[in-house]
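**Q** Could you build the full structure based on these sequences and the hints that come with them?
Protein chains in written order, with the working numbering: chain B, 1 to 229; chain Z, 1 to 246.
Errors might be hidden in some of the hints.
For the chain B half of the interface with chain Z, some residues (derived, Cβ under 7 angstroms), not all of them [what the hints assert, rightly or not]:
#	residue
1	Leu130
2	Val133
3	Ile167
4	Tyr174
5	Ile175
DSSO-like cross-link-like pairs, simulated, lysine-lysine; straight-line CA separation at most 30 angstroms [claimed, not checked]:
#	chain 1	residue 1	chain 2	residue 2
6	Z	Lys214	Z	Lys183
7	Z	Lys86	Z	Lys170
8	Z	Lys238	Z	Lys214
9	Z	Lys4	B	Lys191
10	B	Lys149	Z	Lys41
11	Z	Lys176	Z	Lys72
12	B	Lys30	Z	Lys33
13	B	Lys149	Z	Lys33
14	Z	Lys72	Z	Lys86
15	B	Lys149	Z	Lys39
16	Z	Lys170	Z	Lys214
17	Z	Lys39	Z	Lys242
18	B	Lys149	Z	Lys228
19	Z	Lys41	Z	Lys138
By construction, these hints were calculated from the structure, which means they are not laboratory data. Using N, Cα and C, we set each Cβ at its ideal position, and we do this for glycine too.
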Amino acid sequence: MDSNVLNFLMSESILIPIIIGAIRIKSLNKAYYPFFVFLLLGLLSELVSFILIEKFKTSNAADIKVYSLVECCIVLYLLYVWQNSARHRQLFIFLAAICIIFWIVECVIFLNINTWSPYFRVFYAFVIVLLSVNQINAMMFDHDEPLYKNPMFIISLGFIIIFLYQIIEEAAYYIGADQPTVSDKITVSDKIIIGYGYINFFVNAMYGVAIFIITTKSKDEYNQYFKQG
Amino acid sequence: MADKLFYTVIITALLIAIVIVFFVVSVIRYNKKYMQLQKDKVQAQIMIQELERKRIANDLHDSLGPMLSTVKLYMHSISVSDDTDKESLDKASSFIDETIKNLREISYNLLPSSLARNDLTMVVREFISRLASRHPLKIDFETTENTSIPKDTEIHLFRIIQEIIHNTIKHSGASKLKLIIAKKPDGLFLISEDNGKGFNMDDIRDGAGGLGLKSMENRCEMIDATLKIITAKNQGCKIIIKMPNS
Numbered sequence: 001m002d003s004n005v006l007n008f009l010m011s012e013s014i015l016i017p018i019i020i021g022a023i024r025i026k027s028l029n030k031a032y033y034p035f036f037v038f039l040l041l042g043l044l045s046e047l048v049s050f051i052l053i054e055k056f057k058t059s060n061a062a063d064i065k066v067y068s069l070v071e072c073c074i075v076l077y078l079l080y081v082w083q084n085s086a087r088h089r090q091l092f093i094f095l096a097a098i099c100i101i102f103w104i105v106e107c108v109i110f111l112n113i114n115t116w117s118p119y120f121r122v123f124y125a126f127v128i129v130l131l132s133v134n135q136i137n138a139m140m141f142d143h144d145e146p147l148y149k150n151p152m153f154i155i156s157l158g159f160i161i162i163f164l165y166q167i168i169e170e171a172a173y174y175i176g177a178d179q180p181t182v183s184d185k186i187t188v189s190d191k192i193i194i195g196y197g198y199i200n201f202f203v204n205a206m207y208g209v210a211i212f213i214i215t216t217k218s219k220d221e222y223n224q225y226f227k228q229g
Numbered sequence: 001m002a003d004k005l006f007y008t009v010i011i012t013a014l015l016i017a018i019v020i021v022f023f024v025v026s027v028i029r030y031n032k033k034y035m036q037l038q039k040d041k042v043q044a045q046i047m048i049q050e051l052e053r054k055r056i057a058n059d060l061h062d063s064l065g066p067m068l069s070t071v072k073l074y075m076h077s078i079s080v081s082d083d084t085d086k087e088s089l090d091k092a093s094s095f096i097d098e099t100i101k102n103l104r105e106i107s108y109n110l111l112p113s114s115l116a117r118n119d120l121t122m123v124v125r126e127f128i129s130r131l132a133s134r135h136p137l138k139i140d141f142e143t144t145e146n147t148s149i150p151k152d153t154e155i156h157l158f159r160i161i162q163e164i165i166h167n168t169i170k171h172s173g174a175s176k177l178k179l180i181i182a183k184k185p186d187g188l189f190l191i192s193e194d195n196g197k198g199f200n201m202d203d204i205r206d207g208a209g210g211l212g213l214k215s216m217e218n219r220c221e222m223i224d225a226t227l228k229i230i231t232a233k234n235q236g237c238k239i240i241i242k243m244p245n246s
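**A** If you want it as structure tokens, here you go:
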């Protein structure tokens with residue numbers, strides 16, 4: 001199979017959690033709605049990238065950059081909702097503001113939106129990894145149920161894997177951009193970049209499992225007391 | 001190119017190292033929080049238990065005791081001519097005496113009222129002398145001079161001593177028990193040593209028993225004390241509890 005087609009198919013693995021989520025949408029806990037929006041935007045970005053590259057034969061840098069900002073804000077909001085604490089509101093607003101300012105400085109002031117640059121993608125990936133680590137640790141000590149049955153844990157673990165790899169991938173892009181292209185020779189950078197597709201597939205499968213085990217509204221320990229007659 | 005590669009690798013490694021350090025720090029922080037939460041929970045449970053004991057002890061002592069005494073008084077006021085009836089009344093009266101005595105004993109075990117008025121060493125001595133008449137176990141209790149114990153710690157130490165003595169009587173088969181409360185520069189020590197049959201710590205922890213041991217551990221945690229048990233089969237049992245001086 002052609003590697004481009006394989007990459008495209010793997011990137012479309014985001015459809016796995018989306019389909020499961022769409023089937024269960026009515027019974028999903030509201031705390032996971034931002035996550036579902038995050039998945040839909042991921043799919044939209046993949047499609048826009050595909051159209052830009054295949055149909056218009058142009059770079060998808062602008063799409064990736066805009067998507068990065070939106071993804072960053074949604075994940076921050078999602079983690080804020082999961083923290084369920086007004087005490088952390090200021091921290092999340094501060095982090096979102098920093099990320100937006102960083103994006104504007106990188107994509108508008110210093111560089112062009114159509115130019116590839118790794119800084120923002122590394123920065124927000126780093127922030128999300130730290131917040132996800134914190135989320136998992138909080139769950140380790142606050143929740144009585146086994147963690148592997150908790151969708152928040154699976155999604156946070158997915159965030160850690162994908163965003164940590166994103167840091168490495170961006171570094172590989174950064175180094176690879178200056179390397180001379182030798183035909184038929186795959187460099188370490190290329191291997192890391194190709195690896196992103198496989199990691200992405202694995203994490204999407206994890207998201208699928210997480211969406212599958214999300215507690216339904218009626219089973220929710222709080223919602224059950226607020227059933228409408 | 002080499003510089004760019006070097007710095008990119010260094011920065012990436014640094015970011016990953018920060019994530020790992022953050023993970024470890026975060027685990028320690030949450031673990032500390034969790035431990036504190038557990039401690040507070042145990043503390044609340046023990047306080048509720050003590051309050052409940054106090055309430056029951058007061059009810060037994062102040063309500064049931066006087067009522068039984070009144071019953072006894074009324075019984076004595078009944079004049080009977082028949083010897084059989086008189087004998088029955090005497091028997092009933094002695095049963096009431098026995099009940100009142102047991103009631104006081106239960107009330108005392110639930111909460112020694114003297115603990116509010118006297119210091120721990122006096123209450124422990126009183127407790128030992130009460131036991132001496134009923135059990136063959138010889139208890140040797142010693143304290144060092146100027147052993148001042150904070151008032152809020154006394155009840156927990158008393159409960160621990162109670163537990164040690166009851167366990168020794170019930171399970172150890174010992175004939176002698178030595179109890180020491182000693183003030184030392186590095187802390188306040190409560191040491192107990194018996195000549196009983198000892199036990200295997202793992203058996204106690206794995207089995208359904210060990211509730212008394214758990215209770216002692218919880219109380220030690222409440223007063224920031226450390227608990228050390230040195231025991232083995234047929235080698236007696238030594239318990240060392242160390243509390244910080246503050």
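**Q** Indicate, hint by hint, whether the structure satisfies it.
**A** Against the structure, the hints:
The criterion of a C-beta within 7 angstroms of any C-beta in chain Z is met by Leu130(B), whose closest approach is roughly 5 angstroms, and the hint holds. Because the beta carbon of Val133(B) sits about 5 angstroms from the nearest beta carbon in chain Z, less than 7 angstroms, this interface hint is met. With a least beta-carbon distance of about 6 angstroms to chain Z, the hint placing Ile167(B) at the interface is held under the 7 angstroms criterion. Because the smallest distance between the Cβ of Tyr174(B) and any Cβ of chain Z comes to about 6 angstroms, under 7 angstroms, the interface hint for this residue holds.
Interface restraint check for Ile175(B): the shortest CB-CB distance to chain Z comes to about 5 angstroms, inside 7 angstroms, so the restraint holds. The straight-line distance between the Cα atoms of Lys214(Z) and Lys183(Z) is roughly 25 angstroms, inside the 30 angstroms bound, and the hint therefore holds. A C-alpha spacing of about 40 angstroms is found between Lys86(Z) and Lys170(Z), which places the hinted pair above 30 angstroms, so the restraint is violated. Proposed proximity of Lys238(Z) and Lys214(Z) is supported: the alpha carbons are some 16 angstroms apart, at most 30 angstroms.
Proposed proximity of Lys4(Z) and Lys191(B) is supported: the alpha carbons are some 19 angstroms apart, at most 30 angstroms. Between Lys149(B) and Lys41(Z) the alpha-carbon distance is near 26 angstroms, which keeps this suggested pair within the 30 angstroms criterion. Proximity of Lys176(Z) to Lys72(Z) is assessed by CA-CA distance (about 40 angstroms); at most 30 angstroms being required, the pair is judged violated. For the hint linking Lys30(B) to Lys33(Z), the alpha-carbon distance of about 28 angstroms falls within 30 angstroms, and the restraint holds.
For a cut-off of 30 angstroms, the pair hint linking Lys149(B) to Lys33(Z) stands: about 23 angstroms separates their Cα positions. For the hint pairing Lys72(Z) with Lys86(Z), the CA-to-CA distance comes to about 14 angstroms; that is within 30 angstroms, so the pair holds. Simply put, Lys149(B) and Lys39(Z) have alpha-carbon atoms about 27 angstroms apart, close enough for the 30 angstroms limit, and the pair holds. Note on Lys170(Z) and Lys214(Z): the hinted pairing holds, with a Cα-Cα distance of about 17 angstroms set against a maximum of 30 angstroms.
For the hint linking Lys39(Z) to Lys242(Z), the alpha-carbon distance of about 18 angstroms falls within 30 angstroms, and the restraint holds. For the hint pairing Lys149(B) with Lys228(Z), the CA-to-CA distance comes to about 38 angstroms; that exceeds 30 angstroms, so the pair is violated. Note on Lys41(Z) and Lys138(Z): the hinted pairing is violated, with a Cα-Cα distance of about 37 angstroms set against a maximum of 30 angstroms.
Hints 7, 11, 18 and 19 from the earlier list are contradicted by this structure; the remaining hints agree with it.
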